[in-house]
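Student: So the chains spell out like this:
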Amino acid sequence: MESLDPKYKQEGWTIPEGYFEQLETNVLNRLKEESSAGKAKVVYWGKIVSIAASVAIVVMITIFSIRSAKDENEISFNDLDSMDIVQFENSVEFDDEEFETYVQDEVIDSLYTEKIQSQYIDNFISKEDLEDLEEEYSILDDEIEI
Amino acid sequence: MSPIKQLSDHELMKNFVDKGKEEIYFREIMNRYKQKVYWQVRRIVIVHEDTDEVVQNVFIRLWRFADNFRFDSALSSFIYRIAYNESLNILKKKRKFTSLDDIMDQEGIMKQFIHQGDGMNGDKIFRKLQEALLELPEKQRLVFNYKYFEDMPYKEISEITGTSEGALKASFHHAVEKIKHFLDIH
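Protein chains in written order, with the working numbering: chain R, 2 to 147; chain F, -9 to 176.
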């Protein structure tokens, strides 16, 4: 500072006349404008936030109740008692046409062509039934021999 | 003299904050600092319209953040710090909004402003110094303005700019050397 000539130290800028006299009023006016705009904004945002919160709560309650109701009604195959399944099977009667509409052709063909292994027969037919069948067939065989 | 004029800066600020931001105290604070703030800002942003915007913003911020004022520091430093930050903000904003097609940057606009003598009534010497100042990096220009025109102590400049006193001394020294060189060759 000392090394630079003080002759440069002058204020050479111009300012509009009466600028400083008006400055305080201009600042206070801006403060008033901004505070009223700010208040309006707060009210506006407050409303939006409260509406959004209400909507969100209603939506959450609806989703929650639908889900819990769904959970109560939803029954998986594992939940069924085996007797219920048997009862359902017995209550349903298909004629051939209906059966064909629900079951694919390949499955039906395989029913005709597939050889049923004896171990699976054992699963479905009881020992007594088998013995009865064998007895019936032996009678038939005897009749044929005759 | 009205009693309010006899209050110290701290007493004014305390009354302003404690009495629910009464306008009368704020007017007195503005009255005390408006010219100082104006010239500090004007030397940084050069153009009057930009200076006016910054000065108004400074006092609006002072109103809003009066509660943040710590009474262990000078009110002047608090206000000048706001003025410093607001001045840098407007320069940044102006640079951001300068179109890519526009070859002239903000410094270019300020140089042209000075070259044309817009808003000036100073002589050739004043204009030369302003041209030299615009050749400086922003930090050096700011430090030079506070030190040379305001005779502000380094301690206070340090509080305003958040730069160490040592760094400020070095910046001022470089600024003076560059200005002298510029004035010698022009």
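Everything labelled a hint here was simulated from the structure, so no lab data went into it.
Check each hint, because a few of them may be wrong.
[Stated by the list, open to error] With a cut-off of at most 27 Å between alpha-carbon atoms, the simulated DSS-like pairs for lysine-lysine come out as follows:
{"no.": "1", "chain 1": "R", "residue 1": "Lys33", "chain 2": "F", "residue 2": "Lys24"}
{"no.": "2", "chain 1": "F", "residue 1": "Lys137", "chain 2": "F", "residue 2": "Lys159"}
{"no.": "3", "chain 1": "F", "residue 1": "Lys11", "chain 2": "R", "residue 2": "Lys33"}
Student: None of the hints should be skipped; say for each whether it holds.
Tutor: Okay, the hints, checked on the actual structure:
no.: 1; hint: R/Lys33 x F/Lys24; result: 19 Å, holds
no.: 2; hint: F/Lys137 x F/Lys159; result: 10 Å, holds
no.: 3; hint: F/Lys11 x R/Lys33; result: 13 Å, holds
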